[in-house]
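Undergrad: Protein chains in written order, with my numbering: chain A, 1 to 158; chain B, 1001 to 1083.
Hints may be right or wrong, so weigh each one.
Which residues of chain B face chain A? A partial, calculated answer using Cβ under 8 Å [as the list claims (entries may be wrong)]: (1) Phe1008; (2) Ser1010; (3) Ala1027; (4) Ala1030; (5) Ala1046; (6) Leu1061; (7) Ala1075; (8) Phe1077; (9) Pro1078.
Every beta carbon over 12 Å from chain A, so not counted as near; a handful from chain B, in silico [as the list claims (entries may be wrong)]: (10) Ser1020; (11) Gly1026; (12) Leu1036.
These are computed hints drawn from the structure, not numbers from a lab. Note that beta-carbon positions come from the ideal geometry of N, C-alpha and C, so glycine has one too.
Chain by chain, the residues run as shown.
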Amino acid sequence: MAQRVSIQTADFDLGAEVAALRAGDGGVGAVCSFIGTVRDRSDGSAVSAMELEHYPGMTEAAIEAMIDEAHRRFDIRAARVIHRVGPLNVGDQIVLVAVSSAHRGESFQACEFLMDYLKTQAPFWKKETTPEGARWVDARVADDAALARWGIQARNAG
Amino acid sequence: MLIRLRFFASLREALGPEASLELPEGASVAQARDALIARGEPFAAALARGRAVRAALNQALCDEGAALKAGDELAFFPPVTGG
């Protein structure tokens, strides 16, 4: 099976990843992808850089389980998740979720489901550099609410 | 029984990346947290009740009611913020 989860410091290429996701699968009729990037503002402060920490081992296992769950819930062909760690700059890509399916609805839904799940259940932590100094990003209750729409109760922020 | 501890993000900065903890057989995650708080600073402030602290047992998210066994890897960390 093709690699589904990568945790890496290196950047990634959306085109190459989507091509690999579709390769050799004539049943694919739709691909949906999401990329999260580093914003230059957060909670009213300018952000100049970011550092991402994770829990090696648990991170990969948690995301593999999320992809298994996406396959149970949605009629999708394949999914790919890449999440970067380490130092990042404004504008850098942080995360990629890409999903292929026969028809568009399933890949749209599975892509959003995977991102909502990842935001509250995967062990990553962001530290922002601002003019006031470096600070750990606070979790958002809105992210727990986003996962609740899928019938999963998260108690990450709240 | 001996439990291996790991800390991440702000808790790692306050407590270091790893530690170990001796607990009675059958102790829970909540009892592990309380035992660390009882050590005093810096554990008492970092893990204080009322602070948002999440836990993972053997690399899976868990409730504080989860029971521990010898050799377990127990991690404490703040709410996650990836994506």
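Undergrad: Take the hints in turn and mark each one as holding or not.
TA: A quick look at each hint next to the structure:
no.	hint	verdict
1	Phe1008	holds (6 Å)
2	Ser1010	holds (5 Å)
3	Ala1027	violated (21 Å)
4	Ala1030	violated (15 Å)
5	Ala1046	violated (13 Å)
6	Leu1061	holds (7 Å)
7	Ala1075	holds (7 Å)
8	Phe1077	holds (7 Å)
9	Pro1078	holds (7 Å)
10	Ser1020	holds (18 Å)
11	Gly1026	holds (24 Å)
12	Leu1036	holds (18 Å)
This entry does not satisfy hints 3, 4, 5, going by the numbered hints stated previously.
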